[in-house]
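Colleague: So you can see what is in the structure, the chains are spelled out below.
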Amino acid sequence: MEYRTVLTTCTYCGCGCGLYLEVMDGHVVNTIPCKTSPVNEGKLCVKGWNVHEFVHSPKRLTQPLLRKNGELTPVSWDEALDFTVKRLREIREAHGSDCLAFLASAKVTNEENYLIQKFARAAVGTNNIDHCARL
Amino acid sequence: MAGLAAAFGSGAMTNSIAELEDADCILVIGSNTTSSHPLVATRIFRAKEKGAKVIVVDPRKIQLVHQADLHVRHNLGTDVALVNGIMHVILANGWHNQAFVDERTEGFEELRGVVEQYTPERTAEITGVSVEDIRTMAEWYAKARASSIVYCMGITQHTTGVDNVKSLANLAMLTGHIGRESTGVNPLRGQNNVQGACDMGGLPNVYPGYQAVNVPENREKFEKVWNAKLSDKVGLTIPGILEGLNSGSVKAVYVVGENPMVSDPDIHHVEKALRSAELLVVQDIFLTPTAELAHVVLPGASFAEKDGTFSNTERRVQRVRQAIKPIGQARADWEIIQDLSTRFGYPMNYESPAAILDEVAQVTPSYGGITFDRLEGDGLSWPCPNSEHPGTKFLHAGRFSRGLGLFHAIEYKPPAEVVDVDYPFWLTTGRVHVHYHTGTMTRNSPSLHEEMPEGFLEINPQDARTLGVKSGDTVRVSSRRGEVLVRVDLTTRVRQGMVFMPFHFVESCANILTNPAHDPIAKIPEYKVCAVTLEKAA
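Just so you know, the sequences run in chain order A and B. Its first residue numbered 14, the first sequence is counted upward by one per residue in this note's numbering. Its first residue numbered 97, the second sequence is counted upward by one per residue in this note's numbering.
Please keep in mind that the hints were generated in silico from the structure rather than gathered at the bench. The reader is advised that the hints may include incorrect statements.
What the hints assert, rightly or not - Listed next, the stretches of chain A that the computed footprint assigns to chain B, with coverage defined by at least 3 CB atoms under 8 Å from CB atoms of chain B: (1) 34 to 48; (2) 66 to 80; (3) 117 to 126.
We treat Cβ as the ideally placed atom computed from N, Cα and C, and that holds for glycine.
Chain B with its partners taken away, still in its complex shape (with noise of 0.2 Å):
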């Protein structure tokens, strides 16, 4: 999200999903959409159907693949150099939109000073794609009436993850492919509230609504509104709060449904800095490899059973609404939080969550205009400033945020860790259909868990030759970090020299051997590369 709002100024899709169907060209690069966003996918099927050239670049060969009229498998890591490469093919042929440059832009002088350097063939040594499809991508991306990016976490989960995304904010705006319908850079979120966690202040440098902590006038605004001394450092990220673990500076950590102890890189590190917590409290709906660890374990409610509001990936609040009761003794997290806060001597007596959303409306300017009882039917998509306000269908329209969009000129850099002769094969991760995230729901649902009951490693048939192995063995795959025995899945999927591994499975946990080094803004790990080494397991 940092690398959209350096280059617009907002951190989120900037165009709705639905949207999508009425483009004419649909670039998707790193996101494997019909595992991870199916919803989001029917309307690139819909828009292939009306006649849209779809792009995947992707180096794996996903289901989306044969959707695609064209399927780009570049190496690992190189995001940054193929998409140089395009915008120099764009602008050696004058593709590019000069107007829409002049008018709404900076930086484009520094840009395509860069952008000159890569040419069609150094493009084609670095990425391994061909000078041809480096062209077709380009003609096809600028040329269309209305070209739009998708992408995922197959884009941010790199130590250049930043500058992925700055590169395809630079490639939206070099054409003009953005702030109108059907076109833009569009970020899908992984999970079902991750835009509203981070809307509602859930990181450490800004209250709710994306306002900086550091800022003076915003901090004695909601000292005013919170009656409360706030700090004005800014805090640690999850990165940032491991570290503190292991050297003493961080005494105590609350986890609210989260499980770090299968999604964080380098599982051995995670383990070692949470059992040095003094007071580990973990809040969540089932007993988690984390909430093992805790000193505390606080039973919290599903979905289905508290009202609330979610906000979707692209910016769109809707209601969530009880059916049942908590189970057992089970408590809404709200209502936890709310108690815990009192007997800490804060107290907070909220009636519903539709009270404690009038306050967010209070406070975040993107929510002004958000209330329980204007959610029935659609929902609101934000910026929605006002109760008469329709919401914001898609962003940056005549205007970006920041006012000029922003080109950030970027060199290419290769990932943390590449192969060698000890780690030979490139390693990336991801997620599969039936399953979700660390598996916490989707392994205790029986229909899903049936359909795939355990962890696998995509393999090369070649590879797998040459390693001895078949289909249904076992592998020892070690990395630096750690090693995990998995049994083994010959596919073409992959390339020879890369394997895939999915992260939901605890017992053949893919993210014990990812590389936590990480974006030195984002600090989001690189999770898609690493190096690893293969043997048959005995």
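Extracted from the complex, chain A is given alone in its bound form (with noise of 0.2 Å):
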């Protein structure tokens, strides 16, 4: 049995808690609150004393999907990633980069929100790349 804890932030709202995820055997089972973090100090709200238990929630999606025939149907992250950007190019080359949108997130990292600007702006083109902050 191997049992870790590992600190990182609350994935809920804008407080920013610290908090520890207890790991046994590579599956994320409890959480525990930072005393020493200087937002919380060793306190969560409701949320965050459960955010564990949608980690590994059986609806969680664990392969590519592709429309085919209507329906999404499991296909390889090649197959996937191919069929994205020769759509892309193709919706580009016929109706120029601003018939292209990115919606980035305020739920994923700093770092993940850098790079999908910087390939909405860099690789494709346009500056039609928002979130959503205002809702």
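Using the supplied hints, reconstruct the complex from the two chains, each of which is provided in its own coordinate frame.
Modeller: Given below as structure tokens:
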């Protein structure tokens, strides 16, 4: 049996509470608040205490899906990404860069948001990038 | 954020969360803090214990009201009039900070001209708040040693959202409650990394660090670092993207970790737009209602499965650490984008998120000194311009980011949709304590789902009696945009003539009803006010 705790930051609201995820044999099994966090000082709300619960949900997406004959069908990463790239290129060539739009995310990391907007701006050539800051 | 940027030159929480507990007066307006930001609410409780006056301005009797010294229930969408009325009383009594106004601000005479017309009597008539309460708020807020304003989407989700924020900025500058410890104008950001997504340039008009895309020097700088030709044309916001899909000017949309099919106003309109896309790609951790419409669905990794950083509401950049491998074939979102970009012909070869943050620091002055190795411990609050800088606890000390603080003289405007004979009830929307946003995560968490498995409509018992409905009955709620069936909860948390629905539940989706009318500058929709009618469902 392997047991570890991993210090990280809650994924719910903008407070940014520090917490430890308890990991047993590759499964996140529980959450403990971080006493030394300057934000929450050892407290958590009901969402924070239960933040590990959705991680292993049986409803998680576990493979890429591609719509074939109207149905979302499991495919390989290669097929999903190559299809996406081919369609993005075709649409850009036919209608121009500003016919493509991107939604970044208030849920993913800073580094990921940086790459998404860099992809939109530098690779595709459009500033059509927004996220749900207003929602 | 546009409102604060216009007034102060920086659109972010001015002070830190911990400072709240040493304020002498806290004005909470349009924030259901205990539900939406519980660990900020803790600081408000501590301030109260230390003797602070707590004023809650909210049309609903939210939980924080029980801790408040004064609860003011204004009519929906009348915030500008209320704040103007408060400033009127402050000026009339000479409780303002003339030295601060003289030294640190501009535009005061224009502000005075407008505020003079908002007498307590006129303000009371517009807002439904008594003359006495307006006076009490003015006195407590202005006379305290350190007053802090806390606000959230109850202020911003209006067609006058930017005006509302500018009004709060006016109030803070008029009294000098800004640029010092435990003061300030503090917007609570609703999502864990909404601050970071903005900081990183996930916006159509700015590169990372709020550097405008239409300023040639900025563009040249990024063209050089990114080795690519960049567009100088400001891009589309979400409402613009949806309109573009409907009109055919936008053909493809790539969505990462967002769920507009539950979160956006007027869902029927959103669905029509997304269905018309020639290509819809959704990268997410669950098959959301938005992903169900996609041509391609890519499984991303949750926060437990990757390394990186989040920036919280007080601008604090903190580490996210990988606890487990991604589930199934899921991949970290940064790896997906990197792979996609390389296949697209624009190679990205970052070794790790730490290497990406190093590039962020290179191009973003406010993140210039932020690297993974400095984030052990408490993290760092931006601005943090270099590797020796300790980060910044509160903004605008001695000088505003824009130089002088700018007053905006603002007249009250009513909401875009008001009640009438056909739609006689005011509807407002919000969150509940056990759920989060569109419920993608919380409704897949057994303990949270059990607490509140379905949506509801709060209605005043008097109104329920008139409609002939009892607690637990189902009603049909209709607006000009659609209708939903929902169970009723009889409560005096709402006044007569007003109803409330949480927006987390796709089966009773509040955003089928909400009005997409939006603020002309920030493009934020008016989720907090629309007109509906109710009838008992058969």
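Colleague: Hints first: check each against the structure and report whether it holds.
Modeller: Results for each hint:
no.	hint	in the structure
1	34 to 48	holds (count 5)
2	66 to 80	holds (count 14)
3	117 to 126	holds (count 10)
Checked against the numbered hints above, the structure violates none of them.
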